[in-house]
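Let the hints inform the model, and build the full structure from the sequences given.
Using numbering that gives the first Met the number 0, read the sequence shown as starting at 0 and increasing by one per residue.
Don't take every hint at face value.
Said to hold, decoys possible - Label-pair ranges, simulated between beta-carbon atoms:
| # | residue 1 | residue 2 | range |
| --- | --- | --- | --- |
| 1 | L187 | M124 | 21 to 29 Å |
| 2 | P176 | G52 | 36 to 44 Å |
| 3 | G101 | G188 | 42 to 50 Å |
| 4 | S79 | A148 | 17 to 25 Å |
| 5 | G52 | E102 | 17 to 25 Å |
| 6 | L187 | P87 | 16 to 24 Å |
| 7 | E18 | E189 | 30 to 38 Å |
| 8 | V129 | E189 | 13 to 21 Å |
| 9 | R180 | E29 | 19 to 27 Å |
| 10 | D55 | E189 | 26 to 34 Å |
| 11 | L130 | G82 | 19 to 27 Å |
| 12 | I178 | Y26 | 21 to 29 Å |
| 13 | K127 | E105 | 33 to 41 Å |
| 14 | G56 | K98 | 30 to 38 Å |
To be verified - List of simulated lysine-lysine pairs, DSS-like, C-alpha gap at most 25 Å:
| # | residue 1 | residue 2 |
| --- | --- | --- |
| 15 | K172 | K127 |
| 16 | K172 | K98 |
| 17 | K181 | K120 |
| 18 | K181 | K127 |
| 19 | K22 | K172 |
| 20 | K120 | K98 |
I should point out that these hints are in silico values taken from the structure, not numbers from a laboratory.
None of these values were measured; they are calculated from a predicted model.
All C-beta atoms in this analysis are idealised placements derived from N, C-alpha and C, irrespective of residue type, glycine included.
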Amino acid sequence: MSGIVTQEGVAAWLRAFAEAVAKNREYLTELDAAIGDADHGSNMDRGMQAVVGRIDGPSAGTAGGGVGALLKLVGMTLVSTVGGAAGPLYGTFFLQVGKAAGEATELTLAQWAAALEAGVKGVQMRGKAVLEDKTMVDTLMPAAQALSAAAASGAGLAEALRQAAAAAEQGMKATIPLIARKGRASYLGERSAGHQDPGATSSWLLLQTAAETLAAGAPAEVPGA
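As structure tokens, this is what we get:
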């Protein structure tokens, strides 16, 4: 048994991500000040606080809608509350993950990996970005690939999520020497090199908090099952 991702686990992940964004708001803004509009931290914090308000509010309406409905709610909330490019990109990510998750209240590791891959493809289509463009794709794509590889190898949920977070961190750090080819940072040309991409950094927080929370509510894994 490789563990399952539950609707409750996803909600806990979203709350943890919102908390991580709030704690790193100034750091994300500093990163964005170097190569962007100096608003990534504030924009993401505003968006994720709105998300928490929606998923924990009395009008959330997702109790019977499964993981997909929950994540679609997140996506729509981010699109409507986050400024700049982050709103459409993160919104698309969560909308596509939600679409792939469907109405299920529990997902296997393989299903969750497939849903994450769908989210990354959505971001790529929306932002027209590929690896080494110095964007959030540099974090999300390696993480999704690592998660799928771990699922295929029979790894447990907690280990698979840890591997995905590690790949995300490596991808994030790999943006530092890159010259931006997409977004506001691309206007700087070679001057964008030497700076860590803020979107890649918030995406790492997304994957890191997933590793810390998504497996917490899953049933115990049985060796050899």
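Verification of the hints:
{"no.": "1", "hint": "L187 <-> M124: 21 to 29 Å", "result": "25 Å, holds"}
{"no.": "2", "hint": "P176 <-> G52: 36 to 44 Å", "result": "39 Å, holds"}
{"no.": "3", "hint": "G101 <-> G188: 42 to 50 Å", "result": "43 Å, holds"}
{"no.": "4", "hint": "S79 <-> A148: 17 to 25 Å", "result": "35 Å, violated"}
{"no.": "5", "hint": "G52 <-> E102: 17 to 25 Å", "result": "24 Å, holds"}
{"no.": "6", "hint": "L187 <-> P87: 16 to 24 Å", "result": "22 Å, holds"}
{"no.": "7", "hint": "E18 <-> E189: 30 to 38 Å", "result": "36 Å, holds"}
{"no.": "8", "hint": "V129 <-> E189: 13 to 21 Å", "result": "19 Å, holds"}
{"no.": "9", "hint": "R180 <-> E29: 19 to 27 Å", "result": "22 Å, holds"}
{"no.": "10", "hint": "D55 <-> E189: 26 to 34 Å", "result": "45 Å, violated"}
{"no.": "11", "hint": "L130 <-> G82: 19 to 27 Å", "result": "26 Å, holds"}
{"no.": "12", "hint": "I178 <-> Y26: 21 to 29 Å", "result": "22 Å, holds"}
{"no.": "13", "hint": "K127 <-> E105: 33 to 41 Å", "result": "34 Å, holds"}
{"no.": "14", "hint": "G56 <-> K98: 30 to 38 Å", "result": "23 Å, violated"}
{"no.": "15", "hint": "K172 <-> K127", "result": "21 Å, holds"}
{"no.": "16", "hint": "K172 <-> K98", "result": "30 Å, violated"}
{"no.": "17", "hint": "K181 <-> K120", "result": "16 Å, holds"}
{"no.": "18", "hint": "K181 <-> K127", "result": "8 Å, holds"}
{"no.": "19", "hint": "K22 <-> K172", "result": "20 Å, holds"}
{"no.": "20", "hint": "K120 <-> K98", "result": "12 Å, holds"}
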